[in-house]
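A.B. asks: Sequence:
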Amino acid sequence: MSMIVTGWWAWSRRVRALTLKEFQQIRRDPSSYLIAGLLPLLLLFIFGHAVSLDLRSVAIAVVVEQATPEANSLLESFRNSPFFHVQVSRHRADVQEDLVAGRAKGIIVIPADFAARVARGEEAPVQLLLDGSEPNTAGLVAFYASGVFYSWLEQQAPKSPGLFARLRGVPGITVVSRVWYNADTRSSNCLIPGSLAVIMSMIGTLLTALVVAREWERGTIEALMAMPVGKAEFLLGKLIPYFLLGMGAMAIASTAAVCVFRVPFRGSPAMLATVSAAFLFSMLSLGLLISTVTRNQFAASQTAIIATFLPAFDLSGFVFELDSTPLPIQCISWILPARHFVSALQTMFLVGDVPAVLIPATLALIAIGCVPLACLIAITRMRLE
1253 MSMIVTGWWA WSRRVRALTL KEFQQIRRDP SSYLIAGLLP LLLLFIFGHA VSLDLRSVAI
1313 AVVVEQATPE ANSLLESFRN SPFFHVQVSR HRADVQEDLV AGRAKGIIVI PADFAARVAR
1373 GEEAPVQLLL DGSEPNTAGL VAFYASGVFY SWLEQQAPKS PGLFARLRGV PGITVVSRVW
1433 YNADTRSSNC LIPGSLAVIM SMIGTLLTAL VVAREWERGT IEALMAMPVG KAEFLLGKLI
1493 PYFLLGMGAM AIASTAAVCV FRVPFRGSPA MLATVSAAFL FSMLSLGLLI STVTRNQFAA
1553 SQTAIIATFL PAFDLSGFVF ELDSTPLPIQ CISWILPARH FVSALQTMFL VGDVPAVLIP
1613 ATLALIAIGC VPLACLIAIT RMRLE
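The sequence shown begins at 1253 in the working numbering and counts up by one.
What the hints contain is simulated information worked out from the structure, not anything from laboratory work. A few of these clues could be false.
[Claimed, not checked] Label-pair distances were calculated between CB atoms; the ranges are:
1. Leu1496 x Ser1329: 47 to 57 Å
2. Val1378 x Cys1511: 37 to 47 Å
3. Ala1525 x Val1378: 47 to 57 Å
4. Leu1615 x Leu1286: 27 to 37 Å
5. Ala1608 x Leu1286: 30 to 40 Å
6. Cys1622 x Val1352: 50 to 60 Å
7. Ile1611 x Leu1562: 27 to 37 Å
8. Asp1575 x Ile1631: 32 to 42 Å
9. Ala1551 x Ser1329: 55 to 65 Å
10. Ser1329 x Asp1365: 15 to 25 Å
11. Thr1437 x Ala1608: 16 to 26 Å
12. Ile1611 x Ala1269: 20 to 30 Å
[Said to hold, decoys possible] In silico DMTMM-like links for lysine to aspartate or glutamate, alpha-carbon gap of 20 Å or less:
13. Lys1273 x Glu1469
14. Lys1273 x Glu1467
15. Lys1483 x Glu1328
16. Lys1483 x Glu1467
All residues carry an ideal CB built from backbone N, CA and C; glycine is no exception.
All chains, please: the whole structure from these sequences, using the hints.
C.D. replies: So, in structure tokens, the structure goes:
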């Protein structure tokens, strides 16, 4: 028993010595602090302010062919909407050029007989012309314009119940909708947690992508190989300092998401730390593998960015809906740590601790991280022993 304790104590001392040596390297080269402390905040502010799916102040033109009280009332509804910046005209020909030139994203035409049809309780169609060269924007404009129109219609229901019932469908039946978890339907509440996963994919890999490559460039790798350490001690000594830096970066970025961007956090800090640790394990292992293979800091950093940032942005579900992609692409996305981390973060921030989501995501992250770690152990054994 005493031999086991003695061996364990000696093993832990070697790991501690390698870890302290790595911390000294970090202290001499503060770029790691910049990567872990400044870069996540910078990228988070860029994502938080530049990436948004919300529609705000989109330029549209409203053509009122006859200025009746009903038409003016509908016009005011569009003017009061925060989604649109309205330009008013009496003739369609005056604003068609704006649609062609891109100065307006849509044209709403309120016909001359609109008031008469409303008074008779008949269907009163309002024409919506959209710029199809930007299909996503066109779809959002159509959605919000329909919402403004039906909100106005509900206000007019006491004056024209027949028209309201006909346009709404079955008389006496109304649909009452309620949005769970993101009542304001702010896209930033979903995008910012997802952006944390994309940012930490790059940060976690970059932190260790330069470690072994730096040893090769400085010629100190031979001294490490000559030390009486095993591969497990060597890898732990390299991973532990950057794991702690990565967890600190995740804590800073998560705090900024909640305090600066007002994203709700409904999970527990302990669960966030657990899932983040599993994610960083996979990314740090990948970064250390890249560093070991390339032996060059420039090549390692470029490989780390290309291998993590672009796949995480495109194939994690952060912005693009993966269910609409081809099946082979969906299969590839499942082997990316960012996909599982995005799902876990969005769940913890907006819903809470949901074991049915978080446990599979954590196990998947650990399993994915074991692959580069196994490759790393094989390569390290060849070079150390």
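A.B. asks: Are the hints correct? Go through all of them and say.
C.D. replies: These are the hints, each one checked on the structure:
Taking the beta carbon of each, Leu1496 and Ser1329 are about 55 Å apart, inside 47 to 57 Å as hinted. Range check, Val1378 to Cys1511: Cβ separation about 43 Å, and the 37 to 47 Å hint holds. About 53 Å separates the C-beta atoms of Ala1525 and Val1378, a value consistent with the hinted range of 47 to 57 Å. In this structure the supplied range 27 to 37 Å holds for Leu1615 paired with Leu1286, their Cβ-Cβ distance being about 33 Å.
Judged by the Cβ atoms, the range 30 to 40 Å given for Ala1608 and Leu1286 holds: they are separated by roughly 38 Å. Distance hint check for Cys1622 and Val1352: the Cβ-Cβ separation is about 57 Å, which falls inside the suggested range of 50 to 60 Å. One distance hint, 27 to 37 Å for the beta-carbon pair Ile1611 and Leu1562, holds here, with the actual separation near 29 Å. The hinted range of 32 to 42 Å is satisfied by Asp1575 and Ile1631, whose Cβ atoms lie roughly 37 Å apart.
Between Ala1551 and Ser1329 the C-beta distance comes to about 58 Å, which sits within the given range of 55 to 65 Å. Taking the beta carbon of each, Ser1329 and Asp1365 are about 19 Å apart, inside 15 to 25 Å as hinted. A beta carbon spacing of about 24 Å between Thr1437 and Ala1608 agrees with the range 16 to 26 Å that was offered as a hint. Restraint check, Ile1611 to Ala1269: a C-beta distance of roughly 36 Å breaks the suggested window 20 to 30 Å.
In summary, the hint linking Lys1273 to Glu1469 is supported, as the alpha carbons are separated by about 17 Å, within the 20 Å threshold. Under the criterion of a C-alpha separation no larger than 20 Å, the hint pairing Lys1273 with Glu1467 is consistent with the structure, at around 12 Å. The suggested pairing of Lys1483 with Glu1328 is violated, with an alpha-carbon distance near 72 Å, which exceeds 20 Å. Distance check on the hinted pair: Lys1483 and Glu1467 sit about 16 Å apart at the alpha-carbon level, within 20 Å; holds.
Going down the numbered hints, you'll see the structure goes against 12 and 15, while the others check out.
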